[in-house]
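Protein chains in written order, with this note's numbering: chain A, 1 to 168; chain B, 169 to 458.
Treat the hints as calculated values from the structure; they're not laboratory data. Note that this is a predicted model, so its numbers are computed, not measured. From the three backbone atoms N, C-alpha and C, an ideal C-beta is built for every residue, glycine too. Where hints are given, some of them may not hold.
[Claimed, not checked] Restraint ranges, calculated between C-beta atoms of paired labels, are given here: (1) A:S6 to B:E187: 17 to 27 Å; (2) B:A217 to A:V152: 45 to 55 Å; (3) B:E232 to A:T122: 46 to 56 Å; (4) A:G55 to B:A256: 15 to 25 Å; (5) A:E12 to B:L170: 35 to 45 Å.
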Amino acid sequence: MGWPISVTVNGEKVSAEVEPRLLLVHFIREKLRLTGTHIGCDTTHCGACTVLLDGVPVKSCTMLAVQADERQLTTVEALHAGGALHPIQAAFKQEHGLQCGFCTPGMMMSSFALLADNPDPTEKEIRWALSGNICRCTGYMNIVKAVRAAAVQMKEAAAVPAGAAAGS
Amino acid sequence: MLPAPFEYHAPHTTEETLELLDRLGDEGKVLAGGQSLIPLIKLRLASPAHLVDVNRVPGLDVIEERDGVLRIGTLFRHKSAERSALLASRYPVIAEAAAQVADPIVRNRGTVGGSLAHADPAGDWGSVVLALDAELVLQSKSGRRTVKARDFFFGPFSTVLQPNELLTEVRIPAAGSRSGGAYLKLERKVGDFATVGVAVHLQMDDRKVRSAGIGLTAVGPQNLKAEQAEAALRGQTLDDAAIEEAASLAAAAAEPKADQRGSVEYKRNVVRVFTERGLKRARERARGGA
Numbered sequence: 001m002g003w004p005i006s007v008t009v010n011g012e013k014v015s016a017e018v019e020p021r022l023l024l025v026h027f028i029r030e031k032l033r034l035t036g037t038h039i040g041c042d043t044t045h046c047g048a049c050t051v052l053l054d055g056v057p058v059k060s061c062t063m064l065a066v067q068a069d070e071r072q073l074t075t076v077e078a079l080h081a082g083g084a085l086h087p088i089q090a091a092f093k094q095e096h097g098l099q100c101g102f103c104t105p106g107m108m109m110s111s112f113a114l115l116a117d118n119p120d121p122t123e124k125e126i127r128w129a130l131s132g133n134i135c136r137c138t139g140y141m142n143i144v145k146a147v148r149a150a151a152v153q154m155k156e157a158a159a160v161p162a163g164a165a166a167g168s
Numbered sequence: 169m170l171p172a173p174f175e176y177h178a179p180h181t182t183e184e185t186l187e188l189l190d191r192l193g194d195e196g197k198v199l200a201g202g203q204s205l206i207p208l209i210k211l212r213l214a215s216p217a218h219l220v221d222v223n224r225v226p227g228l229d230v231i232e233e234r235d236g237v238l239r240i241g242t243l244f245r246h247k248s249a250e251r252s253a254l255l256a257s258r259y260p261v262i263a264e265a266a267a268q269v270a271d272p273i274v275r276n277r278g279t280v281g282g283s284l285a286h287a288d289p290a291g292d293w294g295s296v297v298l299a300l301d302a303e304l305v306l307q308s309k310s311g312r313r314t315v316k317a318r319d320f321f322f323g324p325f326s327t328v329l330q331p332n333e334l335l336t337e338v339r340i341p342a343a344g345s346r347s348g349g350a351y352l353k354l355e356r357k358v359g360d361f362a363t364v365g366v367a368v369h370l371q372m373d374d375r376k377v378r379s380a381g382i383g384l385t386a387v388g389p390q391n392l393k394a395e396q397a398e399a400a401l402r403g404q405t406l407d408d409a410a411i412e413e414a415a416s417l418a419a420a421a422a423e424p425k426a427d428q429r430g431s432v433e434y435k436r437n438v439v440r441v442f443t444e445r446g447l448k449r450a451r452e453r454a455r456g457g458a
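So here's chain A without its partners, still in its complex pose:
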């Protein structure tokens, strides 16, 4: 039996009919074909499926799609919406904040929410904020560095007058 939902996905309104048991992550990957959001452990541990619901990180394998009705959903694809790498993406690349890359979308979404809330986090605050996201390659050192680098970059970009940063 279908349940009508209307979700704003990365700024665009999407209407669909979904089965209540459909998990949010399956809705994102299979119905919306946004495959940047990964399914890792599928048991609420790893955070690879992290997306933002009304700006707040949630594990999309642990929510029903029907629960996103009338809500704002942000997936990793939104970071690249301008056609250029988001400072967080650029920093993960620059600082080698990834190896296999499987956890990276979730890491970046948690980092995005952290920096929106706390633009100048300490290493401890970064580690705390990312403690729900598991990486099995990097040992986390470079992920933490990447988030610090992104914070600095985003602060500098914010300090530059509008227009001057175009194309950067």
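We have chain A already, so just place chain B on it with the hints.
For chain B alone, coordinates are given in the frame of chain A:
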């Protein structure tokens, strides 16, 4: 993983919720934060025929301290508790426990009431409400009743909550000016179940203990209230000897099982050490320290 099919209900008022729960009986299950229930239905350890999602019911996420009572609504999320200035300043046992539930992403969704109703013996909130001598308000279509935290749990994942009832709020006696608390938790890694957790709350009368609350996590078939240790502290001046005595009594009250997280002896000793540390920290806070 895909849960078995179920019928979904999204009521907009408490009345509508209670009406549904009454009609659905054993077949209905309340969905709050879903951070335990959704994994369970994915693994098909639970297959409720109907899910009643209460996330759209306004007013269930209240926090309010008034007339000698702190009320925390069932939908109050761990993250909100972690960030609450009121809880940090007056109820440190709650603020510290909330910050250690699962991981930061789970805390964004998980709720106080959901955690209590789920009644995992390794859950943190159970020990907190036991230490604070809280009451839980259970509402049904035919009325409401209030149950003491110590009478709420009876074994793993088992509570007195009936299928037609909704746990609507937790009621905690307001902390006096000379009170303090702490929550200590040992976990192998963030997000793992607790190896051991200890919740402590102290209310002092001048230099003596008016009441002490101690709740134990993951060392029994349910969250345990260390009542002998609490009784031993009452009326004491709370010197180090009294604290050590209470810590030994709390360790004796623990009923741990050996598993990959530790032996019985090890866990019992962690209860002793954490109770001692928790009481000292609570004492410090009751005196107006950090």
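Verification of the supplied hints:
| no. | hint | verdict |
| --- | --- | --- |
| 1 | A:S6 to B:E187: 17 to 27 Å | 26 Å, holds |
| 2 | B:A217 to A:V152: 45 to 55 Å | 53 Å, holds |
| 3 | B:E232 to A:T122: 46 to 56 Å | 33 Å, violated |
| 4 | A:G55 to B:A256: 15 to 25 Å | 23 Å, holds |
| 5 | A:E12 to B:L170: 35 to 45 Å | 26 Å, violated |
In the structure shown, a violation is registered for the earlier hints numbered 3, 5, in ascending order.
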